[in-house]
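Engineer: The primary structure of each chain is shown beneath.
Protein chains: 4
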Amino acid sequence: MVNKVFRDPLYGYVRVNDEIIDELINSTEFQRLRRIKQLCGVSMVFHMADHTRFSHSLGAYELAREVLEKVIDVKNALNDYEKTVFLCSALLHDVGHGPYSHSFEKIFKISHETMTNNIILGDSHINKILTKYNPNLASDIASVISHKHKFPLIEQLVSSQLDVDRMDYLRRDAYFTGAQFGDIDIEKILRGMLVKNGKILFKYNSVPNIEDYLMSRYHMYYQVYFHPVSRCFEVMLEMIYQRWYELIKSGYQFRTDVSLLIDVIDKKTVDAFLKIDDVYVNGCIQQFQYEKDRILSDLATRLFNRKLFNHIDLKYASDEQVDEIKKLKNNDKYYYKEDVVAKSAYDYQIDEQIKVLIPGDKEVDLLEFSPIVKAFSRSSKYTSKLIYYSEI
Amino acid sequence: MVNKVFRDPLYGYVRVNDEIIDELINSTEFQRLRRIKQLCGVSMVFHMADHTRFSHSLGAYELAREVLEKVIDVKNALNDYEKTVFLCSALLHDVGHGPYSHSFEKIFKISHETMTNNIILGDSHINKILTKYNPNLASDIASVISHKHKFPLIEQLVSSQLDVDRMDYLRRDAYFTGAQFGDIDIEKILRGMLVKNGKILFKYNSVPNIEDYLMSRYHMYYQVYFHPVSRCFEVMLEMIYQRWYELIKSGYQFRTDVSLLIDVIDKKTVDAFLKIDDVYVNGCIQQFQYEKDRILSDLATRLFNRKLFNHIDLKYASDEQVDEIKKLKNNDKYYYKEDVVAKSAYDYQIDEQIKVLIPGDKEVDLLEFSPIVKAFSRSSKYTSKLIYYSEI
Amino acid sequence: MVNKVFRDPLYGYVRVNDEIIDELINSTEFQRLRRIKQLCGVSMVFHMADHTRFSHSLGAYELAREVLEKVIDVKNALNDYEKTVFLCSALLHDVGHGPYSHSFEKIFKISHETMTNNIILGDSHINKILTKYNPNLASDIASVISHKHKFPLIEQLVSSQLDVDRMDYLRRDAYFTGAQFGDIDIEKILRGMLVKNGKILFKYNSVPNIEDYLMSRYHMYYQVYFHPVSRCFEVMLEMIYQRWYELIKSGYQFRTDVSLLIDVIDKKTVDAFLKIDDVYVNGCIQQFQYEKDRILSDLATRLFNRKLFNHIDLKYASDEQVDEIKKLKNNDKYYYKEDVVAKSAYDYQIDEQIKVLIPGDKEVDLLEFSPIVKAFSRSSKYTSKLIYYSEI
Amino acid sequence: MVNKVFRDPLYGYVRVNDEIIDELINSTEFQRLRRIKQLCGVSMVFHMADHTRFSHSLGAYELAREVLEKVIDVKNALNDYEKTVFLCSALLHDVGHGPYSHSFEKIFKISHETMTNNIILGDSHINKILTKYNPNLASDIASVISHKHKFPLIEQLVSSQLDVDRMDYLRRDAYFTGAQFGDIDIEKILRGMLVKNGKILFKYNSVPNIEDYLMSRYHMYYQVYFHPVSRCFEVMLEMIYQRWYELIKSGYQFRTDVSLLIDVIDKKTVDAFLKIDDVYVNGCIQQFQYEKDRILSDLATRLFNRKLFNHIDLKYASDEQVDEIKKLKNNDKYYYKEDVVAKSAYDYQIDEQIKVLIPGDKEVDLLEFSPIVKAFSRSSKYTSKLIYYSEI
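Chains as they are written, first to last, in our numbering: chain A, 1 to 392; chain B, 1 to 392; chain C, 1 to 392; chain D, 1 to 392.
Keep in mind the hints are simulated off the structure, nothing from the lab.
There could be a bad hint or two in this list.
Repeated chains share a single entry, so a pair holds when one copy, or any two copies, can fit it.
Unchecked claim - PhoX-like mimics (lysine-lysine), calculated; alpha carbons at most 20 Å apart, straight line:
1. K307 with K4
2. K128 with K275
3. K199 with K249
4. K327 with K362
5. K315 with K362
6. K327 with K203
7. K275 with K292
8. K106 with K148
9. K75 with K327
10. K132 with K75
11. K196 with K70
12. K307 with K128
13. K343 with K374
14. K292 with K362
15. K337 with K385
16. K362 with K196
17. K199 with K307
18. K292 with K249
19. K326 with K362
20. K362 with K275
21. K249 with K327
22. K106 with K267
Only a predicted model underlies this, so the values are computations on that prediction, with no experimental measurement involved.
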């Protein structure tokens, strides 16, 4: 047994008691997450939000550990091997993220889920560590992360409407942005957590805290993740990725060494992929300022010096304003972008509704129980429609 | 100019810069608020909630002071005299509260609004201090507190759907109960506050924070103010008041000296009223344990030693359970009580809706702007129906 | 096994898992602590410091519970019975405190240690509960609280230079006064706690946190407990107690019913003592305003309305100032008092020094290890010398 | 007048009211600070400490703004022009820092003070902005930052034993590391701040808070800045810088494009320097993993994957241990390093002691007034002596 801790403002400490967790944290692939920011453009608005996927992954693990310590039903429902599967899945669920992940996936067509799976199952330090402990461990963790329903309870705990992943990142992102949302009462939620017929459900008196969690989620989307300036950064980054990709395809001769990315695009290997991180992409963008291609160098210079695009909000802009911008910029795919993002705090279409246990040992859907959640699921689909464009 | 401070965890400091405020705080009537608890039965559940109306009144004042400092529109809309009216109204708005106020009012038929007015306008230190500064000041403050519409802007700031009173007590009660709600982003709300045509309205981008405030309010009712054990204490206290009152009316010879209360009931004078506070009522209840009247002494002994009644929740109880209790206790007005409490986080019937300013300089109702608030106003009417009864 | 919690801002929750603890908390004698304030005159300065010995006692218990959960050495060193002794001792250590305890003890000559022992060992609910679980439990707990060295390890944990009692009250008092000291890193201190040869010692790398704890302690004395206005309240209360006592002795006929106190003074029984609490004393002082005895009624009126004495600081006052006051007030034992209080954050004379474990498995005294603590123990004896006097 | 804010957990908001501050923040040179981490190796231990000099510089500015708002003496002592000098100096005091600044300066012999001056006075956006407002502004700010004694009061506020720079970074570093030190009571310190004869001094009753600040400083050095793992990162980074420098001097043909650094070393121009930031250095280190030079590639690979050196603490290591390591590694300047760091929380040799105002309008040195500070200045020189070495 090891006895290590990481200081963490959210939990006091992240506590590492198992050797396997210690080894996984020290693996090359996990350490790489120190170089992948959790939030992409958000630090353009919230100047302190420079935290990494490394710290979020530790947090999701710690929360999983606390679930096993504090939620007696879960503790009893899982055997020792399953507990290990749970802890490792929480720790590793984001290991395949690329630099500025969402845009990266979109333009370069490499999904982080696939990559996470490939890292866990493929030729990696992580796979060696897992296999040493148990030959099935790697595939079982991969099965949890890709929702194969082999371990439905663990899947629910790692990834559902209310899981260790979301609970950590909402609080963590709030801490670093300074948003006064997201101070969810985790203790109370865990006190309400039960297992019945192999599924998680919540005592009815913990519903106010779940409502509070959904409210936080809604606000984080509204005010942080979809903040026009955050989005603008991401829109511009996507354009740079787009131009980069096109120039590679067109055989343009880069002044910057972009061979690593070409490797990734061509071969899609784990080995190539793992060399790509924020350090690499930031370094390229810095160099791109001096490229001959006018568009790439212009976009890179803007992004690097935070000379972001303008934006107008379609909800409030007059038709004339919109027309004028469209007339001038419409054809220019690198200097004009209509951006629509939308998110519901609680999606009630899906099967995996949160279940509530009410007195009389009856099980009801959260939606049925809470009129507030009902309102959230319908009305709180926060939709943002903006046009980003370079100055005219 | 004075330069005094009171340490306050919510604001860092309560800052007193005006001599009149300093004098009012030191008045006998205001110091009495040190002996009136802010929350009545709540400390039966939340063992740290022993804070007083004194600290809340200082807090409401400090928030008023910050509004004048930070909200430029308000600063410009009020002249020096009106600023003084505002600060004093915030400070004094609760000065007429009795011990365990809500039950007190109900049983003894003495409203705290009337009493506040009487203290401000009558023969009191407070009245002397106010009149010394300006002969109209007392009546103008009383007019604000009783909503006479002479100073509509100040009335809105002191008492409306979103005012310095509520903003302080939600946060303060949360601090002392340890509830993780109520951490409202006051700064952000104040940044959105505007004055237009002599009325307060809010910039549309501060709406998420107002939604958050309403959510906090909803939760504080649900989990704190209407907590079954808090309510139980209040129900039992009401019964003691009731029995006390009846015994007085019936000419019962008390062992305890209850002359002060008799004075209040008979004469309803400010002078008599001000002698009544938590110290007095607690002292009487302590003595009542040794009264000959069986009901009074039993109720007092129970309350004093926290041997509270049982309760069942009508939402979940079976008909049989309810019937059994009713059969046994129904006729016993001192040992049986059906308690229904309900509260909406946002009441949209009333005139004084919160107004939102959207781009294009248009003014809309908050309800129209925010589907979440709409949901709150309709569905979040938290209703609690319980039966409290002594053990069978 | 029970599974109850009390919401507590310092720990999230106070967790009750053992039936015996649940029963003790519900005992009449323990519930009485709800009516004994933790800090006496401090709320005259820090208007939110109205917390009770009830909440502190729960906190000391919770900290003891966390020690058993988190400090493996302690967990292993104690058997189940000893664990119960530890938890109960932490919970009950203050159960014999009187109203405004320090002055009460001084004037009426009733020590709270003796009273705590008498309650635990005598005819009380608490004694019944303890004895039901184990016939030796009451006497073993009493032995811990009065330092009989039967359970030296538990004694150290409950009462020493660094124990669950002090760690809780420093943090709690800081929370309620709003002082920005006292935010001690308990987790880190517990991580450094070891047991060697049946004694507590601390790993050398937790020393900075112990230094921090001593600094907090020093500051709380300096700025809170010994604040001139806090002390003034206590000085005046002592005078009231003194006058009260003298009038009883002289056969003065009280208008107020003071029979309970007379009982306590005469018989010193547990039964009589338990009827005395803040409610009782406050009620008496309120009544004393209307007594014929001029001194008693004057002091009571002043205290009740916070018309405190003046004070001068002997460190800075000129000889002339001091002489003038002395000339006028010197003979008046009720209106003049020289008050000297002093406290060292760390007392190194005593045997029970904090021990530090350094690499090489060597044990050294904290004083030897930390030059800062050395400085504290010598120089930080905060001494305050003031004269309190009524206006001339 | 502008009215912008930056969300900041430490202050609620950083408030920008002056156009010049807004322009400076948007300048290319200031935006570059987004790409310079505040703490270098610390995030190797405290995984959340990824905050930047950008956020610290905003914080120091905000604190300066609050001093002007809250400290009446300072407000009155400075005219409008001087206020601008103060605010700009606080904002810009770190603008010349390089990537991983301390090692950078040491190896490449480029001081950040000189560079800050050159940026402010030279051909930069910042200089243009300043000069547009007032032709003297740039040189006056430079004079403050390099302590030319033209504005002694402002110099004291920007850089002394207790200034806006230190107060911000102690709190900020504590927030991001999660250290429970550093929660200094800024409000109370500002309330004690006075100006007398053109110099800052502090009221005697704010001394406890200054003691607390010094304690925090001491602890941050002990536990954070000088943490063995933080230091190890810096030691290894210095070795990489050293090897990099030597290889450049020796004419080694880099696979990586290092022309920017060569420019800086050769020309030392502002223009070249500003292109160097964490992005650049991290990118180079990433590439260095693939260099032919065995030492450079090995060090880079270790650092990149957090395979840090071992260390022993000379305070506790036996002579044998030390000898064994020395024998094996002594000659290897890239794999062996004796590291001695020492810091006093309060340096009393220097002229600019903190002055305290005691009753009677007398001025004394803080050292004379506070025995605790005396202890700090002598004994709290925290000294750390370690040997870092690669595994044997």
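Engineer: Within, between, both or neither: how does the pair K307, K4 come out at a Cα-Cα threshold of 20 Å?
Structural biologist: between (44 Å within a copy, 17 Å between copies)
Engineer: State whether the alpha carbon distance between K362 and K196 is at most 20 Å within one copy, between copies, both, or neither.
Structural biologist: within (11 Å within a copy, 52 Å between copies)
Engineer: When no copy is named, should K249 and K327 be tagged within, between, both, or neither for a Cα gap of at most 20 Å?
Structural biologist: Neither, since 30 Å and 56 Å both go past 20 Å.
Engineer: With 20 Å as the alpha-carbon cut-off, assign the pair K128 and K275 to within, between, both or neither.
Structural biologist: within (19 Å within a copy, 41 Å between copies)
Engineer: What label fits K327 with K362 when the C-alpha limit is 20 Å: within, between, both, or neither?
Structural biologist: Intra 60 Å, inter 28 Å, cutoff 20 Å: neither.
Engineer: Is it within, between, both or neither when you check K362 against K275 at 20 Å Cα-Cα?
Structural biologist: Neither way: K362 and K275 sit 52 Å apart in one copy and 47 Å across, limit 20 Å.
Engineer: 20 Å Cα cut-off: does K343 pair with K374 within a copy, between copies, both or neither?
Structural biologist: For K343 and K374, both the intra-copy (15 Å) and inter-copy (19 Å) Cα distances are at most 20 Å.
Engineer: Checking an output row: K106 and K148, CA cutoff 20 Å. Within, between, both or neither?
Structural biologist: neither (24 Å within a copy, 55 Å between copies)
Engineer: Measure nothing new, just compare the shortest in-copy and cross-copy C-alpha distances for K326 and K362 to 20 Å and report within, between, both or neither.
Structural biologist: neither (56 Å within a copy, 26 Å between copies)
Engineer: Are the CA atoms of K337 and K385 at most 20 Å apart within a copy, between copies, both, or neither?
Structural biologist: Within one copy, since 10 Å is at most 20 Å while 54 Å is not.
Engineer: With 20 Å as the alpha-carbon cut-off, assign the pair K132 and K75 to within, between, both or neither.
Structural biologist: neither (25 Å within a copy, 33 Å between copies)
Engineer: Up to 20 Å between alpha-carbons, please classify K315 paired with K362: within, between, both or neither.
Structural biologist: between (44 Å within a copy, 13 Å between copies)
When each numbered hint is compared with the structure, violations occur for hints 3, 4, 6, 8, 9, 10, 14, 17, 19, 20 and 21.
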